Structure formats: structure tokens, C-alpha cells
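Participant: Using the sequences and the accompanying hints, generate a full structural model.
Protein chains in written order, with the working numbering: chain A, 1 to 432; chain B, 1001 to 1462.
Watch out, some of these pointers could steer you wrong.
[To be verified] Here are the simulated lysine-lysine pairs, DSS-like style, with alpha carbons at most 25 Å apart:
#1 K1441(B) - K224(A)
#2 K1441(B) - K148(A)
#3 K181(A) - K1421(B)
#4 K1456(B) - K30(A)
#5 K62(A) - K1124(B)
#6 K1124(B) - K81(A)
#7 K113(A) - K1124(B)
#8 K2(A) - K1441(B)
#9 K1179(B) - K261(A)
#10 K1010(B) - K224(A)
#11 K214(A) - K385(A)
#12 K1117(B) - K62(A)
#13 K92(A) - K1124(B)
#14 K92(A) - K1117(B)
#15 K22(A) - K1179(B)
[What the hints assert, rightly or not] Now the in silico label distances, taken between C-beta atoms and shown as ranges:
#16 E1121(B) - D73(A): 30 to 38 Å
#17 F1328(B) - K92(A): 42 to 50 Å
#18 R193(A) - R1443(B): 28 to 36 Å
#19 E1205(B) - A105(A): 34 to 42 Å
#20 R206(A) - D1275(B): 39 to 47 Å
#21 D194(A) - R1443(B): 26 to 34 Å
#22 D1015(B) - A105(A): 49 to 57 Å
Think of the hints as simulated: they come from the structure by calculation, not from any bench. All figures in this text were calculated on a predicted structure; none of them were measured in a lab. Just so you know, even glycine gets a beta-carbon here, dropped at the ideal spot from N, CA and C.
The primary structure of each chain is shown beneath.
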Amino acid sequence: MKSIRKIAERIEAGFAASKVKKYSYHLVEKETRELSAENGEFSLLRTLFDNTVTLSAFVSGKNGVVHGNDFSDEGIDALVKSAVLSAQASVKDTAHDIAPEQEPAKFRQGNLKPDFDRFFERIKELLSDIRTEYPKIQIMNVIGEYVKSHSLLRNSNGVDFEQTAGQYFVILEFAGHEGDKTTSLESASVQIRDLDTRLIDLGSLRYHLDNAQKQLDQIPLSGKFTGSVIFTPELFAEFIGMVARNYISDSVIIDGTSLWKNKLGRKVADDKLTVTLKSHDKRIVIGERYTADGFRTEDLPVIENGVLKNFTIGLYTSRKTKKPVSKNSSMDLVVNPGKTPLEQMIAGVKQGLIVGGFSGGNPGTSGDFSGVAKNSYYVEDGQIKGAVSEVMINGNLGAALKDIRAISSEVLADGGMVVPYVLVDNIVISGK
Amino acid sequence: MLNDILKTRKSLFSDGVQTVLRGQENRNRRVIFLQGNLVGNVRSESRGVCARVCKRGVYGFSSMAEYSRQAADAVLKAATENAMFLDSHAPKGLPDQVSNGTGIVPLHKGIVDFEQKRIIELCKSLDDYIVKTYPDLVSRTVVYTEDSQDKILYTSDAYDGHITNPRCYIYVIMTALSKKDNTPLELYAVFGGSGSLETHFKTIEWMYPGIDALHRKLMDKVDGVYAEAGYKTVILGGPLAGMLAHEAVGHTVEADLVLGGSVAGPNLNKRVASDLVTMVDYANLTPEGEAPLPVYLDDEGQIARDAVLIENGILKGYMHNRESAEKFGVQPTGNARAWDFSDEPLIRMRNTAVLPGTSRLKDMIASIDDGYYLIDTNNGQADLTGEFMFGVTMGYEIKNGKLGKAILDTTVTGIAFDMLKTVDMVSDKVCWNSSGFCGKKQRIPVGLGGPELRCKITIGGR
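Facilitator: Here you go:
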């Protein structure tokens, strides 16, 4: 197989021959070994060899982007030609640009020497541990994956970032099952560097397995009330993702529909909330090292003590709206822990829910959300009363961030994020 | 279109295993105008080859991002080794799957490619029309998206074939400010379907009435009110009935999820809906003609057949791949589908719909004193229990048999097999949607359809 640098030479020769002086491109070679167990039994072993190439060409101030996966000389030449044609067909817009020159860098992250036999044994052990310790769990899928990638981003300004990275992923899908009773689907995942620890002890695997068993016995909840909700770390991360999309991302900043478009440096959340895209945090197994636009990645404070510090926008939006570009395009999310132990947080709930999942419509730019509280428990006078289903929660993303009453001292670190439990007041809760 | 370079590789299939070799190219074309700015101008192509080998009940799979005979040889070897590894380390020891016939399925539809320039001009002219015609919008977006799959399949003991699935759509997204508090409110409409740009977008004028209807609904929504939360009598519009067929019922009757413990398992041949409800996953032909996204041959080389899921309220069957059909002792339905060349086939829906009834929409509205007519949805989810959720982006109050104010975005939920028993009127027209993807490890294009349904459901609100 040809080296990634040789392919880079071919691309640049192609652009030179087409008289394209401004361009950027990204090459990725990826090898995946993936083991699947369906319904508790090993069923599939996959080996995948994949490539991706993205070319962005500029012709007379017009930009075209093409994606492909053919690294042969003919494939690369055809893609360069397609990028040039695409740019020629485009509309002139000076906001399209590439990152300025920066110091070239090479990055190595994670585990580059996998031990597949040991990984197989660890997954076998996980299946056995679940069968022994959680007899009411029906495992639907366990996927164990080792992914190794080698990538190169270069542009005509002299940017040159090369990365080699490897990590294991474990993804579980399961439900509680007893007789004819089945719970909602639960899932849990972790990203790991090494295989030193039993998989069942990692991330939130035990929490979710335990939860699925408890969900088999449900209590009814009827009526409507305004109460408190404890968001689990995974769910709070999902809500932060919705906040980012609806208030601080490219499309809502460009079209001006973001309700936070003028809130940079102003208060948008409770003082206790600090949210950072922290790609260099050691608890993130493979953090982003360069952005999609070609900037070297920096840790990016998004909300600091309740104050909006940065939008999460790319170079095009930045130039279009004259707002600072985000030098982090990841979701390497770190939310600072608070001072309240989870147990104390639950004790402080007069009436509300602990919510582990949200099945809802995509909130619009108003931030209004409405959906089913999945994998949830009813809490009254500080006591967990039981698992519930068919309960809806309704509120507004922006308002919810201001109504944060407590953040837990415990955090979930699953290799991809570090997030605590968060208690939010004034959520409308309705049962059947 | 892919050239067939794989036929000769069939001689390399190993004895004592069951093999599928697939060459595939996926294409995508995407153009986005946001507020008149061309923010997306992308063409993508991915091409490769994969092999899946079954040895005594366990599978090996391998793929390579290269469409060549050498790559085919390499993935056949790697997939065979993977199957051997599992057979020796975690044996199932099952007998070979029974062959359901062999043969060749010919190509049904070609793929036509167009220059990016034409796509950009098409979107620009539509954007110009929208900005000129609707000055009261605060934001507008026009998205052209086209995806196609081109596959060549060779099997050891099933059908071989050349399969294509081209489709293209234009999304028009409009945003206006609510009169009450100036918050932005959004609605979208989709135009297009199976085929190419030339099939659907030779002209743009035919979309004007649909765009006008979208604008009228958005103007109603700016005066909208929150729905009142609770258990209500509603009419689910066709898009929501289609979502119900796909999300709330369809997933629970995919045979792999039945084996995983879904609520459909213990309910086979039992009543799960009122007798007005019949639901089918069509392969390629519906009573109205060709299905929105026709599937003739699946990615295991099985001929695609309709799967009757619910008939007059009784749960009649599941959707199968080859392995699950054998477990349940039925014929495969040809539901094993893969999205990318590097994806293994999974049990997926094709064109899933609730069948029409005999009621007229206006009579259904007139029959409700206090409820809602829920028209459009932007997403839906369900789980093994049949508990579902659909986002509702457009709807109206119904008061004393007449439509009232528009409602703001909300969500509806229920348990499918409970809610379907409350269906007491079914309209006579089916509305299909085929622009979306279903996500289940991989994404896959699906069609979903349904008539209006009068039923009881839990609606979220303030």
C-alpha cells in the first residue's frame, strides 16, 4: 500500500497541474477489527480496511469540496478534477477560506499495539460476568472494536498535521427481561487504551445493567406537575449537544436565529456550570488534535461559571459573521463537577425524576424540548419511589441551564467525555 | 455505474462455507443555500468490495476501500479466516442454511449523474423564488441531497444480481418569528423521491404549491399555542401514521429484535390493534404502484417479498433475514440490507405502511369535540417495549368538530400495541415519505406511509 505522504504528493501535483493555488485536503487510513456477540453468543468477526479523502479547492474565490475513498493514482486524479469542477461551478464567497500557516506537528495517541486475543478474552469475560451478576439482563448486542487510524491534513498555506491513533471501543445494548416483561433498551459504551481492567467495571456499564433490572418493576405516575429532574451524565451530555446545535453552532449563528447570538461574555446559565471542550484532558482517550478547518486544537471554554465564553463555529461562519473562530471542532466534553454528592442531590428533590434517557423531538432554535423520559425513576420527598414509563418532560434548554440547582461531585469518565449528574428545577413532568 | 469485475472471483469461494461477495459504490451530492449563502457544495463517492462468509452459524466479514479483483481476493481470504476463527474459538456448530433458490436478478434502474453546476443553479433559482415570494421569513434554507447505491452481488447458494437505489430530494426550510415572544419557529417540506435529478427536478414550478402550503402553515404557527399536556383524542396525519408504522411497530417486528426480547415476541397471532389496522412492509410494489424505495434483491441474495406485519389487528409475522427465517421456520422476506460497502447486512425495513381505510378526513375532524390534528413530524423513536415518541412540528387544535389554532412543537408518546387498539377511524388516503434514513448500527434509506388515524395518545405540552 502506498504511503499517505505519496498520496499527498499526487494530490498536490494534481492541483498544480490544474493551476489551483489554494486548497486543503485530509487523508485518513483506518483499520478496524470488530467482534460482535448477538443475544449473548459470538456471531460475527469483521476486518475493515477503509480510506477517506476530502479535497477542498478554490478557483477564483469559489470553493468546492469532494469526498472519496479511492487512493489509487486514477482515483486521486479523478477526485482532484471533480474538486476543481465543483469549485468552478460554485458561487464566489470570500468567507470561504483555509487555516493560516502553523507549526507542522505529528501526534500519536492511544494504543497502537492492540492485543486482539486478549480483547476477545475480555469480551468473553464480560458476557460471563453479565450472565452471572445480572441474571435478568437479556443482552442484545455486544460490540468490541479496535480502531487504528493514520491521518494527514495539509493545505496550501503550509499547514501539516499528521496523527496516528488507536483505541478499543466496547458498546453494549441490552434490556431487562423476566417472563413476558421487557424493559426499554439500555445502552452503554466505553473507549479505552488498555485491557488492564475487567470491562464490566468500566464507565457506567454497571449502572446501566443495574438500572435495566430495576426497570422491570414499574410504578404508575399520573397527572402533571412542575418538578425537579436529575439528569444522568450521558443525558446531560446529550442536552449540552442540543444547546450547542440550537444556540452556538454555525447554522444558527449564520442565519441569526440563535437566541444567544449577542450573549458572548454574558450570563446564560447558573454560576455552577462550566462546560469546556477539553481535547487535551487525559481522561479523553483520543482527543481532537486539529480542527476540521485545519487549526491546531486548543481546549475551548464554552460556558465558564455560567457565562458564555465562545461559540462553536468554523472558519466560514467566523468570517461571515466576524465572530472568533473556534479552535476546537470536537465534542470532547468536560463539565466541571460540583460539590453535592449524588445521594445528597436525590435527598434534596421534593418531587421529580431521575432521567437516564430522552426520547424527544429535535428542539428548534427556540430551545423548547418535549419528550419521553426513558430509563427513569420517580423521586418524592428525597426518596426514590420506583421506576416509571410513559412519563414526559417538557421545558426549554436555555431556561433549564439557568435552573440548575446542583451538580454532583461524582463524574462519569467513559473515555470520550467527563460529565457529572445535574439537578435542574422547574421542568414540567406529565404522566399518563 | 459499476463494471462487473467480480464474476470470475466466484471460483475462489471456499468449500464448506456460505459466501456473499459484494462490490459497491455509494454517491452523494449535496448543495445547501442558507440565507442565500452557498454553505455546502459537496460531492462524494465511496467504492469498495466486501465478503461475508458463514461457517456453521458464525460469520466472518471483511471489506476494503478498493474496487478491484485483488481487493476481492483479499476480502474473501480475510472473511474466511474470520469465520474460521470464530468457529474454532466460539463454535455454534449449526448446519448450513438451506438455499432458497439461485439465479440472477437483473438491473431495474440506472443511475444518472449531473454536474454540480446544474444542481447549484437549481437550488439558487428556488432560493431566489422563496426570497422574492415570502419576505416575512427570518431565515430560509434550500438543501439538495442525492444518494445512490450501486451494488453487484455474487453468492455461493443464493441469487446474484446488480442492484441500484438512486434517490434525490430538495428540502425547503423556513423560519419565522412567533408573534407572542419573537422566538424562531421552523418548518420544512421535502420534494423528490426515487430516481435522479432529471426524474423530479426538470422544472421547479411544480413545487410552488407545496412551498406555498408550507408558508401558510408556518404563518399559522407564528400565532400558535402550546398544546395542553395529557391523554387526548387526536388525528395522526399520514406522516405520523407512517412514523408509527416504522418506529413503534416496525422495529419491534424485526426478527433480530424479536429474538432480543421485543414485545412482539409473545404477541404473534394475538390482537395488537383494532381490526381497522393492517400494516405491511412492502418490498417493491404497493397497491398504488411501485414502492417509494423498491427493493428487489436483498444483500444476502434473497428475493425481496412483502412482509405482512399486522392484518386486521392481529400480529401476523416478522421481517427476516436468512438466518432468522430459518430459526422461525418461515421463508426469508429479503429484509437483509447494508448501507455502505463496509457494512454487513442487517434486518431493515423497506417501505412500511399502515393500509388505508374508508373514512374521510373531514368526517374524522368533525367527529372530535376536543382534541388535536397532528400533521407533521421531524423525528421518532421507539424501543423494544413498543413505547414510542414522535416529534410533532405542525398541528391544530380541534374544538367542536372544527380546526382551531395551530400548536407549537410538541411530542406524542404511547405504547404501540395499546395505542393501536384505540384506532377507530382510518382515512382513505396514504401519504408516503421516503427521504429519511433509519439508524440501526448503520443508516439505511426507508419509505414509510400511512393514512390519517383517529386514536388516543399522550401529548406533551405546558
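Participant: For every hint, state whether the structure bears it out.
Facilitator: Now the hints, each set against the structure:
no.: 1; hint: K1441(B) - K224(A); verdict: violated, 36 Å
no.: 2; hint: K1441(B) - K148(A); verdict: holds, 20 Å
no.: 3; hint: K181(A) - K1421(B); verdict: holds, 20 Å
no.: 4; hint: K1456(B) - K30(A); verdict: violated, 50 Å
no.: 5; hint: K62(A) - K1124(B); verdict: holds, 15 Å
no.: 6; hint: K1124(B) - K81(A); verdict: holds, 24 Å
no.: 7; hint: K113(A) - K1124(B); verdict: violated, 51 Å
no.: 8; hint: K2(A) - K1441(B); verdict: violated, 31 Å
no.: 9; hint: K1179(B) - K261(A); verdict: holds, 20 Å
no.: 10; hint: K1010(B) - K224(A); verdict: violated, 63 Å
no.: 11; hint: K214(A) - K385(A); verdict: holds, 12 Å
no.: 12; hint: K1117(B) - K62(A); verdict: holds, 12 Å
no.: 13; hint: K92(A) - K1124(B); verdict: holds, 13 Å
no.: 14; hint: K92(A) - K1117(B); verdict: holds, 13 Å
no.: 15; hint: K22(A) - K1179(B); verdict: violated, 46 Å
no.: 16; hint: E1121(B) - D73(A): 30 to 38 Å; verdict: holds, 33 Å
no.: 17; hint: F1328(B) - K92(A): 42 to 50 Å; verdict: violated, 60 Å
no.: 18; hint: R193(A) - R1443(B): 28 to 36 Å; verdict: holds, 29 Å
no.: 19; hint: E1205(B) - A105(A): 34 to 42 Å; verdict: violated, 53 Å
no.: 20; hint: R206(A) - D1275(B): 39 to 47 Å; verdict: holds, 46 Å
no.: 21; hint: D194(A) - R1443(B): 26 to 34 Å; verdict: holds, 32 Å
no.: 22; hint: D1015(B) - A105(A): 49 to 57 Å; verdict: holds, 52 Å
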